[in-house]
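K.L.:
Chain by chain, the residues run as shown.
There are 2 protein chains.
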Amino acid sequence: MKDWKEIKSNLLKGDRRALAKAITLVESHRPTDREMAEKLLKDIIPKSGNSLRIGISGIPGVGKSSFIEVLGLQLIKAGHKVAVLAVDPSSPISGGSILGDKTRMEELSQNKDAFIRPSPTTGSLGGVTAKTRESIFLCEAAGYDIVLIETVGVGQSEYQVSSMVDLFMVLMVPNTGDELQGIKKGIIELADLLIINKADGDTKILAENAKTTYQNALHIIKKERFWSPMVLNCSSLEKTGFEEIKEALSSFDEDSKKSGHFESNRKEQSQSWLDSLFQERLFQEIKENSSLNSQFEKIRKNVQDGKATVREASSEMIKLIKEKL
Amino acid sequence: MKDWKEIKSNLLKGDRRALAKAITLVESHRPTDREMAEKLLKDIIPKSGNSLRIGISGIPGVGKSSFIEVLGLQLIKAGHKVAVLAVDPSSPISGGSILGDKTRMEELSQNKDAFIRPSPTTGSLGGVTAKTRESIFLCEAAGYDIVLIETVGVGQSEYQVSSMVDLFMVLMVPNTGDELQGIKKGIIELADLLIINKADGDTKILAENAKTTYQNALHIIKKERFWSPMVLNCSSLEKTGFEEIKEALSSFDEDSKKSGHFESNRKEQSQSWLDSLFQERLFQEIKENSSLNSQFEKIRKNVQDGKATVREASSEMIKLIKEKL
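Going down the list, the protein sequences come from chains A and B.
Numbering-wise (my numbering), the first sequence opens with residue 6 and increments by one.
Numbering-wise (my numbering), the second sequence opens with residue 6 and increments by one.
Hints are computed from structural coordinates only; laboratory data are not their basis.
Predicted, not measured: the structure shown is a model, and the values here were computed from it.
Incorrect hints may have been included.
Same chains, same names: a pair is fine if it fits in one copy or spans any two.
No more than 27 Å apart at the CA atoms, straight line, and that leaves these computed lysine-lysine pairs for BS3-like [claimed, not checked]:
id : residue 1 : residue 2
1  : Lys306    : Lys329
2  : Lys324    : Lys47
3  : Lys292    : Lys324
4  : Lys327    : Lys306
5  : Lys306    : Lys47
6  : Lys272    : Lys216
7  : Lys52     : Lys303
8  : Lys272    : Lys44
9  : Lys312    : Lys263
10 : Lys292    : Lys327
11 : Lys52     : Lys18
12 : Lys251    : Lys52
13 : Lys324    : Lys272
14 : Lys10     : Lys86
15 : Lys329    : Lys292
16 : Lys10     : Lys117
17 : Lys117    : Lys52
So that you can see chain A by itself, here it is in the shape it has in the complex (with noise of 0.2 Å):
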């Protein structure tokens, strides 16, 4: 991978072997990999953002990957050309995506209009996020202009994803227990789109149940903004729904646009992940920081011998800190 100059220029030309190059030199640990990765994204910084970032959710079981791939091939003939990304934090000790994600969705992998990217094996789930939206920049950079970005795993990834898309959709399953419904009151929260899925068969009739629980549900939960969210129903095994799931994702495109939302929540984003890198690394500054490390090692022996409690012992800390800025 010597020349990322070359990869550069080829994923601009939408190669999809160079993007695909691009990423993992983006998700390598390597220092020489990690330098050459900083100059290519420096560089197609001004061929980037032009994509609606989709983020999509849902407990296991709900289907995502048929979705995903009816979805994508529908927006592929609609003309777009479409990135999926997957994020998965949910084995944080062995590490490892569960499931081949082409194997998943095996007729839009074959397409020459989608990208599809496994989730990055290793890190953190903060390192996995920050890779996560540099492959953002990349992908549209090779000119997708739909990049999905899949939550693969449990709970603690959603609100990581939702902080990097522009629109954030669920998907659920026909169920209207109780339970169920509250708890899933934070993820809905986050919710523009709220898609149940297997409007079919048997389940057709609880889907349509779902949809007006989740209406009102949704109602009662959510501020006003430029754009009310909405629950929508589809069945991946059919293909139907999908028509009114496209026009909703351009809708939502043009209002958070002409709103002005959609700038401005980029923005933010940035912003607010310019502020999570900084302190993770300056934590990091201070940990190889020898003299402040002697000092925090006496304090941090406090709290080992019931001397001090935590929420002393870090007052200490920062009071040395604050002497020197």
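Position chain B relative to chain A; hints supplied.
P.N.:
Just chain B now, kept in the frame of chain A:
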């Protein structure tokens, strides 16, 4: 709440109302309350620590409340005092705990040797977990030798809770679907004890099968430690299987203490709590530092204007701080 010393002395006598007041103090955002809370915590620290801290996790619908009700009552019958704390980060936007915890555990909440505390209603997950940690100390100082920390909500909170307990328990329902199991891998890796609930009636056989499946899965996943994670079946409805669970809890308690893991794990936990508290406060401190901030503002603006990548900007910010340390 003027007299924190009175609260303290009543708390140390095991008074439940004093314990409730102390937790309210710890949860309060008012600076005067906060000050009292710190004094109180410092004073009770030598009396804390003497419990088995047990995390209980499980997706909605597994029957956590009725499980805790049955387990709690049986532990009390065996001579323990049981405190139940809930962590609920599921609704970061509107805040608030979803269900009244006491009404969910009717018999347990009325038992004089039980203390049930609903989850803190405001704050970020970080804030909520810090308060939960401190509440654990308060429960211990009040004589509770079993502290159950229940995660209300999905995913997000499991890692937080596992970082503050001695033993992490995952509750499941009979289900041998492959996808579900794959996705839960991250959570299962955290589990010391995996309980299959609803081993009764129609689902009894399913529960037996699930037990075998999970036993095999744990066998593959887990590294060797002082303890091999166990899979147990129970029925909260028929109150069966709880003898085995109680036995597993005491074996774990004994083994982890004998091996030194109990002690070292607690030390590690308090150190990483200190790290995260320090980090959070440091960032706040920097935000309030006006000379740094005027320089940071310029850097931030470069990101907004597309003149710098987030990574570059964070490097610049770090450089500015590094010069001072």
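K.L.:
Hint by hint, say whether it matches the structure.
P.N.:
Results of checking the hints against the structure:
For the homomeric pair Lys306 and Lys329, the shortest alpha-carbon distances inside one copy (23 Å) and between copies (26 Å) are both at most 27 Å. When the C-alpha separation of Lys324 and Lys47 is checked against a cutoff of 27 Å, the pair qualifies only between copies, where the shortest distance is 19 Å, while the shortest distance within a copy is 37 Å. In this homomeric assembly, Lys292 and Lys324 come within 27 Å of each other (Cα to Cα) both inside a single copy, at 16 Å, and across copies, at 15 Å. Both within a single protomer and between protomers do Lys327 and Lys306 lie at most 27 Å apart by alpha-carbon distance, with minima of 21 Å and 25 Å respectively.
For the homomeric pair Lys306 and Lys47, the shortest alpha-carbon distance between copies (16 Å) is at most 27 Å, but the shortest distance inside one copy (44 Å) is not. Within a single copy, Lys272 and Lys216 get their C-alpha atoms no closer than 33 Å, and across copies no closer than 49 Å, so neither meets the 27 Å cut-off. For the identical chains of this complex, Lys52 and Lys303 are inter-copy neighbours only, at 23 Å across copies versus 50 Å inside a copy, given an alpha-carbon limit of 27 Å. With identical chains, the CA atoms of Lys272 and Lys44 are at most 27 Å apart within one copy only, with a shortest distance of 22 Å there and 42 Å across copies.
Proximity of Lys312 to Lys263 under the C-alpha cut-off of 27 Å is restricted to the inter-copy arrangement: shortest distance 25 Å between copies versus 58 Å within a copy. Within a single copy, Lys292 and Lys327 get their C-alpha atoms as close as 16 Å, and across copies as close as 12 Å, so both meet the 27 Å cut-off. In this assembly of identical chains, the alpha carbons of Lys52 and Lys18 lie at most 27 Å apart only when taken from the same copy (11 Å versus 67 Å across copies). For a Cα distance limit of 27 Å, the shortest separation of Lys251 from Lys52 inside one copy, 25 Å, qualifies, whereas the shortest one across copies, 61 Å, does not.
Only between protomers do Lys324 and Lys272 lie at most 27 Å apart by alpha-carbon distance; the minimum there is 23 Å, versus 33 Å within a single protomer. In this assembly of identical chains, the alpha carbons of Lys10 and Lys86 lie at most 27 Å apart only when taken from the same copy (23 Å versus 67 Å across copies). With identical chains, the CA atoms of Lys329 and Lys292 are at most 27 Å apart both within one copy (16 Å) and between copies (15 Å). Taking the shortest Cα distances, Lys10 and Lys117 sit within 27 Å of each other inside one copy (23 Å), while across copies they are farther apart (72 Å).
When the C-alpha separation of Lys117 and Lys52 is checked against a cutoff of 27 Å, the pair qualifies only within one copy, where the shortest distance is 21 Å, while the shortest distance between copies is 66 Å.
In summary, the one numbered hint that this structure violates is 6.
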